[in-house]
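Asks: Take a look at the letters that make up each chain.
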Amino acid sequence: MANIPSDLKYTREHEWARQEGANVRVGITHYAQEQLGDVVFVELPKVGARVTAHQSFGVVESVKAVSDLFAPITGEVVEVNTALPKAPELVNRDPYGQGWMIVVKPAGAGALDGLLTAQQYEQHIAQAAH
Amino acid sequence: MRYLPNTPQNQRAMLDAIGARAVEDLLVKIPAKARLSRPLALPPALAETALVRHLRALAAENADADRYTCFLGAGAYDHYVPSPINHLVLRGEFFTAYTPYQPEASQGTLRTIYEYQTLIAELTGMDVANASIYDGASSLAEAALMAHAATGRGEVVLAAGVNPLYRRVVATYCGGPGLRLREAPAPDGVLDLEAIRRLVGARTAAVVVQSPNFYGCLEDVAAVAEIAHAAGAMLVVVADPVNLGVLEAPGRLGADIVVGEGQGLGVPLSYGGPYLGVFAARQELVRRMPGRLVGATVDLDGQRGFVLTLQAREQHIRRAKATSNICTNVALCALMATVYAAILGKRGLVEVGEQCMAKAHYAAGRLTAIPGVSLRFPAPFFKEFTLRLPKSPERVVARLARRRILAGVPLKAWDRRLGDCLLVAVTEQRTREEIDALAAALAEAVA
Chain A
0 MANIPSDLKY TREHEWARQE GANVRVGITH YAQEQLGDVV FVELPKVGAR VTAHQSFGVV
60 ESVKAVSDLF APITGEVVEV NTALPKAPEL VNRDPYGQGW MIVVKPAGAG ALDGLLTAQQ
120 YEQHIAQAAH
Chain B
0 MRYLPNTPQN QRAMLDAIGA RAVEDLLVKI PAKARLSRPL ALPPALAETA LVRHLRALAA
60 ENADADRYTC FLGAGAYDHY VPSPINHLVL RGEFFTAYTP YQPEASQGTL RTIYEYQTLI
120 AELTGMDVAN ASIYDGASSL AEAALMAHAA TGRGEVVLAA GVNPLYRRVV ATYCGGPGLR
180 LREAPAPDGV LDLEAIRRLV GARTAAVVVQ SPNFYGCLED VAAVAEIAHA AGAMLVVVAD
240 PVNLGVLEAP GRLGADIVVG EGQGLGVPLS YGGPYLGVFA ARQELVRRMP GRLVGATVDL
300 DGQRGFVLTL QAREQHIRRA KATSNICTNV ALCALMATVY AAILGKRGLV EVGEQCMAKA
360 HYAAGRLTAI PGVSLRFPAP FFKEFTLRLP KSPERVVARL ARRRILAGVP LKAWDRRLGD
420 CLLVAVTEQR TREEIDALAA ALAEAVA
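In order, the protein sequence lines correspond to chains A and B. Going by numbering that gives the first Met the number 0, the first residue of the first sequence is number 0, and it counts up by one from there. Going by numbering that gives the first Met the number 0, the first residue of the second sequence is number 0, and it counts up by one from there.
If we strip away everything but chain A, and leave its shape as in the complex, we get:
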């Protein structure tokens, strides 16, 4: 059964976004890590880099595929998970917790409005499965 926390927002490319005060924390979903298999490498932007909604901000590499990471929102990277280069398996073990990737300071208000709710995301992956 897919693990899709109801308090998060989602992209169609399987990233999650969590509002934390003024900033937004970003990672990939449980479903995404399950599809990828063992994650062996995560390439993230540097603090201070600008990310743009729907555009690639990094790369996640598993034993069987290399995939782009897509930014849920536009803004500036204010924090990067420095544990991931040494322990990429955190993405598999705890995708919504220790496996987070970046924290973004949104460029404008209401940044999360266009994203999918947990229910919409669940429908999205149910369709993808067919």
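Treat the hints with caution; some may be incorrect.
Residues from chain A that keep clear of chain B, each with C-beta distances beyond 10 Å, as calculated [unchecked claim]:
#1 E78
#2 G96
#3 A110
#4 D112
List of simulated lysine to any residue pairs, SDA-like, C-alpha gap at most 20 Å [claimed, not checked]:
#5 B:K28 <-> B:G18
#6 A:K45 <-> B:V285
#7 A:K85 <-> B:T308
#8 B:K320 <-> B:L178
#9 A:K45 <-> B:H228
#10 B:K320 <-> A:S61
#11 A:K63 <-> B:A311
#12 A:K63 <-> B:R287
#13 A:K63 <-> B:Q310
Rather than coming from a laboratory, the hints here were simulated on the basis of the structure. All C-beta atoms in this analysis are idealised placements derived from N, C-alpha and C, irrespective of residue type, glycine included.
Using the hints, position chain B against chain A.
Replies: For chain B alone, coordinates are given in the frame of chain A:
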């Protein structure tokens, strides 16, 4: 590969299977005017004995380094190739140009590549080396692309002393992604550090320096490293690994990527190829590195084994996101280099370097004692140097060739400002007699 015959009986059986009368029937869709209606205008076939005689006569017209005394360099050098190399690389187990398509089934091949990578990493002073690329020029072009991908910056500053052929290959590779190439001048044979400081900035992905450079001069690599790193750019060093028994490893001078032509490591001149593209980098860059990479691991029983590792870097997995389309290497030439280094060992490589250096300096002394002949640049050199001649270098070279001496490379074709210059390389193979003979012949030719 097995020889597959194609007899008239085979052809008949195949034509019958598809219901065609003759091979001609398969070609009817091709317009008649596009087809040749007569046999090719070829001379009649020769008997084997006659053919061998003919080919030998053709080959005898070549001026090769076995029958001529070779002072040619400019990127390919007449270093000695010890005889065990040929014996080993011609073995059936090894005799292929490629990394195998079922790599892990070929543990012996992977092991030799692993050893090659190890020796290149040690010689260059870098953390990791790949299984090799086509040649020095393509290695450098790949390094430029890699620096672009790793830094996200769009300019590459190339020292004027980088082999001009390499610079042309870099320009070709960089055309696609639209990288801007800028040339840093070397008015006295070595880089003008002030000029390079002005060229390097926030848009610079990499600074490329070759040492010894195309003109033979040693560059101040550590100073260039400082300038590049201060601007957040990478330093790419082009080096000849056979020199690194004596010269400091580029990795210890601040290189982020080291590339070069590995031909000097036991690969014959072969009229220009196949050669050996050396490529090494710092550990942090391993996932940006092009080419194949062999790693050591253990199998289920805990026994040591070798695998092609980090393949997700490569085009067949990364697809359009790949920053390089290299999915092979020059395994046979890499094997030659591995055997070469194993035979020579650390002391042997040092001796090769010391002999090259001593003989090149002896030669420079003899040649510049000739009236009108001088060193073009004041910078220190290693095994190659640029002479200024009082007469046309092209004519001098032609004249000495008649005495079976390949005197050097006239530089006019590479740099119009050096129309009176001759590039002379002296390897460990050259004897005092040969150098003295060159000096005598040159003195006569310019008198």
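Asks: Could you run down the list of hints and mark each one as holding or not?
Replies: These are the hints, each one checked on the structure:
1. With a closest Cβ-Cβ approach of about 20 Å to chain B, A:E78 is found to remain outside the 10 Å limit, as its non-interface label requires.
2. The claim that A:G96 lies off the interface holds: its Cβ sits roughly 25 Å from the closest Cβ of chain B, which is beyond the 10 Å cut-off.
3. Interface exclusion of A:A110 from chain B stands, the closest Cβ pair being 24 Å apart, more than 10 Å.
4. With a cut of 10 Å on Cβ distances, A:D112 stays outside the contact zone with chain B, its closest approach being about 30 Å.
5. For a cut-off of 20 Å, the pair hint linking B:K28 to B:G18 stands: about 16 Å separates their Cα positions.
6. A threshold of 20 Å between alpha carbons decides the hint, and for A:K45 with B:V285 the separation of about 18 Å falls inside it, so the pair holds.
7. With a C-alpha separation of about 18 Å, the suggested pair A:K85 and B:T308 falls inside the 20 Å cut-off, and the hint holds.
8. Taken as a hint, the B:K320 and B:L178 pair is honoured in the structure, with Cα atoms around 17 Å apart against an allowance of 20 Å.
9. Taking the CA atoms of A:K45 and B:H228, the gap is about 17 Å. The hint holds against a cut of 20 Å.
10. For a cut-off of 20 Å, the pair hint linking B:K320 to A:S61 stands: about 15 Å separates their Cα positions.
11. Proximity of A:K63 to B:A311 is assessed by CA-CA distance (about 8 Å); at most 20 Å being required, the pair is judged to hold.
12. Between A:K63 and B:R287, the direct Cα distance comes to roughly 18 Å. Compliance with the 20 Å bound is thereby established for this hinted pair.
13. Only pairs whose Cα atoms come within 20 Å are accepted, and A:K63 paired with B:Q310 is accepted, the gap being roughly 10 Å.
Hint violations for this structure: none, all hints satisfied.
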